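Colleague: Given chain D's structure and the hints, the job is docking chains F and A onto it.
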Amino acid sequence: MADRITLQVARYRPEEESAPVMQEYEVPCHKEWVVLDGLNYIKDHLDGTLSYRWSCRMGICGSCGMTVNGQPKLTCATALTDYGDGPITVEPLRNFPVVRDLVVEIGDFMRKLTGVKPWIMREHEKPLSEGEYLQTPEQMDEYKQFSMCINCMLCYSACPIYGLDPGFIGPAAIALAQRYNLDSRDQGADERFDMLSEHEGIWGCTFVGECTEVCPKGVDPAGAIQRYKLTAAMETVKSFLMPWKGGRGGSGA
Amino acid sequence: MSDRPASSPRYATHHPRWLRTRVSTWWWLQRRAYFKFILRELSSVCAAWFVIYLLLLVRAVSRGEAAWRGFLDWAAAPLVVVVNVVSLFFLIFHAITWFNLAPRAMVVKLGGKKVPGVLIAASNYAAWAVATALVAWLLVGR
Amino acid sequence: MARRSVEPLLWTLFSAGGVLAALLLPILVLLLGLAFPLGWLAPPSYGYLASLLHHPLTRLALFALCSLSLWHWAHRFRYTLYDGLQIKHLNELVNPFCYGGALAGTVVAAYLFGFVL
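Chains as they are written, first to last, in the numbering used here: chain D, 1 to 253; chain F, 1 to 142; chain A, 1 to 117.
Please note that the accuracy of each hint is not assured.
[What the hints assert, rightly or not] Chain F regions said to be covered by chain A (calculated; three or more residues, Cβ under 8 Å): (1) 21-28; (2) 43-51; (3) 55-65; (4) 83-92; (5) 106-116.
[Said to hold, decoys possible] Calculated cross-link-like contacts (lysine-lysine; reagent style DSS-like; alpha-carbon spacing at most 30 Å): (6) D:Lys43 <-> D:Lys217; (7) D:Lys117 <-> F:Lys109; (8) F:Lys114 <-> D:Lys238; (9) D:Lys117 <-> F:Lys36; (10) D:Lys31 <-> D:Lys144; (11) D:Lys117 <-> D:Lys217; (12) F:Lys114 <-> D:Lys217; (13) D:Lys43 <-> A:Lys88; (14) D:Lys31 <-> F:Lys114; (15) D:Lys31 <-> D:Lys217; (16) D:Lys144 <-> F:Lys114; (17) D:Lys117 <-> D:Lys144; (18) D:Lys144 <-> F:Lys109; (19) D:Lys144 <-> F:Lys113.
If you're looking for bench data, these hints aren't it; they were derived computationally from the structure. Being a predicted model, the structure only gives us computed values, none of them experimental. We treat Cβ as the ideally placed atom computed from N, Cα and C, and that holds for glycine.
If we strip away everything but chain D, and leave its shape as in the complex, we get (with noise of 0.2 Å):
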């Protein structure tokens, strides 16, 4: 293993250039070091207009995605030592607008993120006097998988179908969606059907499943989405057989 290593970073600097320009950085190479490090190294004592967005180290905040030799990854969780005497590519996070070297813009996805509504939605709120909503572990269980998303965005640039058509709601939101869908404090999975079920909802997806194989969190989006399309389906076929019966109300499938 040698004891330095090349970073070929993608610059962007919208009032210099119209395309990004590839910039070499020799970096050490500590068995311990990951590309975060790297990068970080270059801010401090190489290039200090490089921009990038990073803040826990450790694979919790979601801050930190980018391209790594065309692959999505966490900077912080990717060791330099993985990429052998390199060079390694470091591009920023694919199916996003580039704001600047690094750093994508991030608006779509939140706007995704708060329209399926991610909170407890009741139809009566229970009085405070009364207590806490009760839920067992197993219930817990149920939607634990689809809580653990830190927002990261990895998925979003390893869908195909996000990259082709921007209007995509995407794998972390409909994950989310399912994690209030499935939460047995929940009553909202009606308010949340309209949206996801609209054509850019879940119907957009084909199950290329390349967001599970990118999700550092173990989250399983392309699961979620298939579980909701069958749920969907299920429904419309209820609603079609028995159009009495008006809306779901309780707890999600």
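Modeller: Just chains F and A now, kept in the frame of chain D:
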């Protein structure tokens, strides 16, 4: 339902300096996973082809033994054989990917415990074996 | 529901077709597409085959297989054209081609299995 604000309008939707890259027509060649995905989707064309083949076969049988023999001769032509060989591979590929992925769409519970996906896939393969055996028995075994 | 979309129905047809196609088409291609025409296995006698195909259960099963497999193709191929060739804007041509084709095939199959056999 509790009244909540609509999604925030304050994120900009467009800025002339943002760099937006157009997705290439050949996006599906750029990653192995995407290529396998497109092949999987194209297997549906082989399914449609074989439905046409089946309908032609049934029509031939309904027209008498001579028509049926004629159909078998046509089906033995090199071009038709090649298409059917390719279709066989694609349809087996479809079956395997379908049975492997189907467990992700459903959560089955037996006695309160979640059935592992591997078992659901295994039962899919078992059903495939039974269906195959049944058809083979009907066409060859009797 | 505020707005009833046709997508859930199309997806259900796609799924049902996918299951039937996966279970039955491989062995049918092997036997009817290759083994019998090429003489690897002796095909059943004409009399047996005709009476097998004439049986109401066979006709129903084959009709379901043919029709649902076509709806499976229609839905999958539509999205392959949208995403693979990026011609989603031509949806007014793509949709009738795909779903119209499946409908036409279903009608032909219904005729064959209902009235001809």
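Colleague: If you draw a straight line from the CA of lysine 144 of chain D to the CA of lysine 109 of chain F, is it 30 Å or shorter?
Modeller: Cα-Cα ~17 Å, so holds.
Colleague: Are the Cα positions of lysine 117 of chain D and lysine 144 of chain D separated by 30 Å at most?
Modeller: holds (18 Å)
Colleague: Regarding the pair lysine 117 of chain D and lysine 217 of chain D, is the alpha-carbon distance no greater than 30 Å?
Modeller: holds (22 Å)
Colleague: Does lysine 114 of chain F sit within 30 Å of lysine 31 of chain D, going by the straight-line distance between their CA atoms?
Modeller: Status violated; Cα separation ~41 Å.
Colleague: Below or equal to 30 Å on CA atoms is what counts here, so check lysine 144 of chain D against lysine 113 of chain F.
Modeller: holds (15 Å)
Colleague: With a cut-off of 30 Å on the C-alpha distance, tell me whether lysine 117 of chain D and lysine 109 of chain F pass.
Modeller: holds (28 Å)
Colleague: Is the Cα-Cα distance between lysine 114 of chain F and lysine 238 of chain D 30 Å or less?
Modeller: holds (25 Å)
Colleague: Examine the segment 55-65 of chain F: at least three residues should have C-beta closer than 8 Å to a C-beta of chain A.
Modeller: holds (count 7)
Colleague: Taking 30 Å as the top limit, are the C-alpha atoms of lysine 114 of chain F and lysine 217 of chain D close enough?
Modeller: holds (21 Å)
Colleague: For the segment 106-116 of chain F, count the residues whose Cβ lies under 8 Å from any Cβ of chain A; is that count three or more?
Modeller: violated (count 0)
Colleague: Count the residues of the segment 43-51 of chain F whose Cβ falls closer than 8 Å to any Cβ of chain A, and tell me whether that reaches three.
Modeller: holds (count 6)
Colleague: Cut-off 8 Å, C-beta pairs, minimum 3 residues; does the coverage of the segment 83-92 of chain F by chain A stand?
Modeller: holds (count 6)
Against the hints set out earlier in the document, violations occur for numbers 5, 9, 10, 13, 14.
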